[in-house]
Structure formats: C-alpha cells, structure tokens
Amino acid sequence: MSIRERLSGNEAAATAMKQINPDVVAAFPITPSTEIPQYFSTFVANGSVDTEFVAVESEHSAMSACIGAESAGSRAMTATSANGLSLMWEMIYIASSLRLPIVLSLVNRAVSGPLNIHCDHSDAMGVRDSGWIMLFSENNQEAYDNTLMAHRIAEDENVRLPLMICQDGFITSHSIENIELESDDEVKKFVGEYHPEHYLLDDQNPIAVGPLDLQAFLFEHKAQQGEAMKAAKQVILEVSKDFEAWTGRHYGLFEEYRLADAEMAIVCMNSTAGTTKAVVDRLRENGIKAGLLKIRVYRPFPAEEVANALSHLKAIAVLDRADSLNAIGGALFEDVTSSLYVENKHVPMVNYVYGIGGRDTTEKDIESVYTDLTEIVKTGKVENPYRYLGLRREEK
Amino acid sequence: MTKIDKSTPMENLTTGGDIYEAGNARDFKTGDWRSMRPVFHGDKCKQCGLCFPVCPENAIPVKKEDLKRTDFNYDYCKGCGVCSKVCPFGAITMKEEGVDQ
Chain A
1 MSIRERLSGN EAAATAMKQI NPDVVAAFPI TPSTEIPQYF STFVANGSVD TEFVAVESEH
61 SAMSACIGAE SAGSRAMTAT SANGLSLMWE MIYIASSLRL PIVLSLVNRA VSGPLNIHCD
121 HSDAMGVRDS GWIMLFSENN QEAYDNTLMA HRIAEDENVR LPLMICQDGF ITSHSIENIE
181 LESDDEVKKF VGEYHPEHYL LDDQNPIAVG PLDLQAFLFE HKAQQGEAMK AAKQVILEVS
241 KDFEAWTGRH YGLFEEYRLA DAEMAIVCMN STAGTTKAVV DRLRENGIKA GLLKIRVYRP
301 FPAEEVANAL SHLKAIAVLD RADSLNAIGG ALFEDVTSSL YVENKHVPMV NYVYGIGGRD
361 TTEKDIESVY TDLTEIVKTG KVENPYRYLG LRREEK
Chain B
1 MTKIDKSTPM ENLTTGGDIY EAGNARDFKT GDWRSMRPVF HGDKCKQCGL CFPVCPENAI
61 PVKKEDLKRT DFNYDYCKGC GVCSKVCPFG AITMKEEGVD Q
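Top to bottom, those sequences are chains A and B. So the first sequence is residues 1 to 396, counted in our numbering. So the second sequence is residues 1 to 101, counted in our numbering.
Do not take every clue at face value.
[As the list claims (entries may be wrong)] Below, computed lysine-lysine pairings styled on DSS-like, alpha-carbon distance capped at 27 Å: (1) B:Lys3 - B:Lys46; (2) B:Lys6 - A:Lys222; (3) B:Lys3 - A:Lys222; (4) A:Lys289 - A:Lys364.
Bear in mind the hints are in silico, worked out from the structure with no lab data behind them.
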C-alpha cells in the first residue's frame, strides 16, 4: 500500500535516494538541484542512510568521485543542474565509456549565458550523445518512480550504462504536489543489492579500468556502448512492468495521451506535458481531436515505437525546450522527424522552441500550437517548420 | 582470459576495455617508440645501482643472484635518457636510434 505524501520534486528525488541507500553520494550544490544533496546530507547526518557523502569542490570532482566509487564496486549517485553538468562533461563521457551504472538526478536548467537559473533542457541536450540513459519526468511522482527504477535498468548485465533522471527546474523541483511513496523495505527489495562481476576492490582478482584504447579497439568499445543502449530499451520495459506489478503505476517508453484517435498531436517532455494534457482535455470537449505523446525515455530514443504511435496523425508539433541554434530544428524534433522518415512514414511536422530560460508556457500557448496544427491539417502544408512559442518579436 | 588482439571481434572484447589480469603491460612492446638509444659500457659501470630504479619502463634487468645490472631490454626502453643522466660514471651514453657510428 502506497504512502500518500506531499513533496517537491527535489524532496521526491532525495527521498528515493534515501530509500535506495547508495554506498556513495558525491555532489556539489547548484541551483535548482541544491536541495537534493542538502536533504541527502541531512539523511547522512541523522543516520537514516549508511552512505559515504563526499562533499567535493566541484562537479567535475563529483562525477570523478562517483566514477571511482562505482569502479571500486559500489553504488554511487549524484545530482546537478545546468553549468554543474557542463563542468562534469569530461567525466560524463568517462562514466559511460567505462560502463559504470552511476545514477544522476538532473534538475533541468538553462546553461548560461547570459546567466539564468531557470528551467530549460539545454543542459540535458548537451549530453544527449554521451551514452547515458536519459529518463524524463513530468512531475514529482515520475521523478521519484524513475529514480526507484534507475539502478535495475542501469546495472542490468546487458546494459551497464549510467542513467540520468531529468525533471524541470523550479517548475517540478520546487513545486509541492501530492505523491505516493513506497515503504523503505519494499524499495530495498525492488532495487536489490549491487554485486558487479568485476570491481577494483576485489583483491583476489585484480583488474585495470579505463586503459589506453587506441585505433585497434576504441571503435569496437564505442559500438559495444551503442549495443548496450539498444538493449536498454527492452530492459526499461521489463523493469517498468515489474514496477507496475508492485505499485500499480504504469510506465512505458513514452506516454500516449488521448493519442489513439487523435488527428493532431504535440510531442514534448517533462512538465509541459501536464499543461498539454489540460489543453487536450478542453479541446476534446469541443470535439477537436487533439492528442499528446510525452517522451519518457529520451535515450535510448524509441524511434520505431514513436514512429508507429504517430503515423496515423495528420499534423504533429514537436516542442523543444532547448534551441539547438543550428537553423534546422531542436534535438527532439530531429529525433522524431528522422524516426518517421526511417520508418517510411510521412506526417506534416512543425517544431516549436519554447520555455527558454524558464519562460512560462501557459495553456494559452499550448492551445495556439493546436490552432496552428488545425491549419496544417486543413491545408496539409507546413510553412516555416522551425518556430518559436512565447517569444517576443516585432509585429510584421 | 582469452587472448585479445587486433582481430578480436567486438563481441569478444571485455566490457569497456577492462583488463582482468595484472601485469599485462609486458604484452605491449614500446621499444619501437625510441628515437634515442642508451648504450651500456660495462667497463665503466661500478654497479652502484642508481640507474635501474629511475627507469620508468623497468628496462634495465638486474640479476637476482648477484644484484648486478645487465644490458638494456630494448623491447621496452623508450630512450628517455634518465638513466644516462643519473649515471655518475659515464657508463650510459645516448646515441640516435638507427644511426651507426
């Protein structure tokens, strides 16, 4: 039986970490994820976890300490945001290439500059090709649930990849909402213990980690990472199924909201999906066939499944909370368009860059997207597929 | 552990390139990196023992029986010249690799 509580997104992530009780947490505080290590260090101080908390001097060191701890054979976790993740960048690649299932709570925030501490996804998009599994969370409940599932996915012998759980800075991390928690004992049972086959502290079987890997080998090791990322998709589904059997809460690779009979849909991630659901419900009352596809698993990207779920539509809008500044479209837009193209399906599609630097995205904004889509459904034409939502500009 | 070389397919490589045995640096001969070659002059050597501890490649063999050094192991010597610098007796000189004198 779940426990009803009221927690912010940061509290939800910290609570999950407490229940997981990892061997090591190494973190450096940065807004808006500061509260996660802050709450966690309280758990360490009052003895509710056995974790070794390493108060490092930078995020580069935080990820380095996690790499050391995981290589040694322990479970390591951390949390960060935006420029903290930027400073980790070098070690982010080391973590995934050494195949260390570190779990990171990423509270999404705009990467400076100019300086901004509010939500967008530019931090996550900056590491989207680094070989980390990336799960996105609409609200505190999903941030909590994704964290509980993280180790089972990351540590699976066919995966062995680090994993980050994303949630929207301030919008989710600092909003207190209802949440269902599971008991400490049951979490412990579900997450299980970590017993890697090879680890540095095994003095009977000495190993070397991260050796020189030149022309004859790096290519194959990168391809191994790629295969592990492909394998992760099935493992995520299996773990999510077990999670549903335990808690009753269903998770897939993405959530389809009133999509099956929809004519047009928005594709987005994190908290904006909540706003979109409210708009979809209202449009449906007026007989407008609107739907939503909310990406949960962004890496590995479920290309085939996304293409199949969207192929019946007459128009699609993909919302990117990070501008790739490449004159072609946001990262999610590129992933969705190429998914459909490769599956030989064509649906008129348009991209909106929105919510940059914490700009509010209201129901009215989302409704305007569906209005644009209605027009595309009518004409079948997409003019200017690379658009902004909620941007101030001169009237023309 | 199965032997891994340049023909091993990706499926048979260890995960992440981890190496599950100790001391395998000897499988990787680095002597051909050398551009300068140390030459050992046994007649000048007093067996003082200063050279072999500074060799980064363990390329100066020392006999277990009498603790005396012998000629260089050119399979691993990279020609860094540190031994030549520390030798007080001029018993190690450096010459360009591949050039006869």
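For each hint, the structure was consulted:
1. B:Lys3 - B:Lys46: Given that 27 Å is the threshold and the Cα spacing comes to 42 Å, the pair is violated.
2. B:Lys6 - A:Lys222: The given pair, whose Cα atoms are some 15 Å apart, holds under the 27 Å limit.
3. B:Lys3 - A:Lys222: Holds. Lys3 (chain B) to Lys222 (chain A) sits at ~20 Å (cutoff 27 Å).
4. A:Lys289 - A:Lys364: holds, 17 Å
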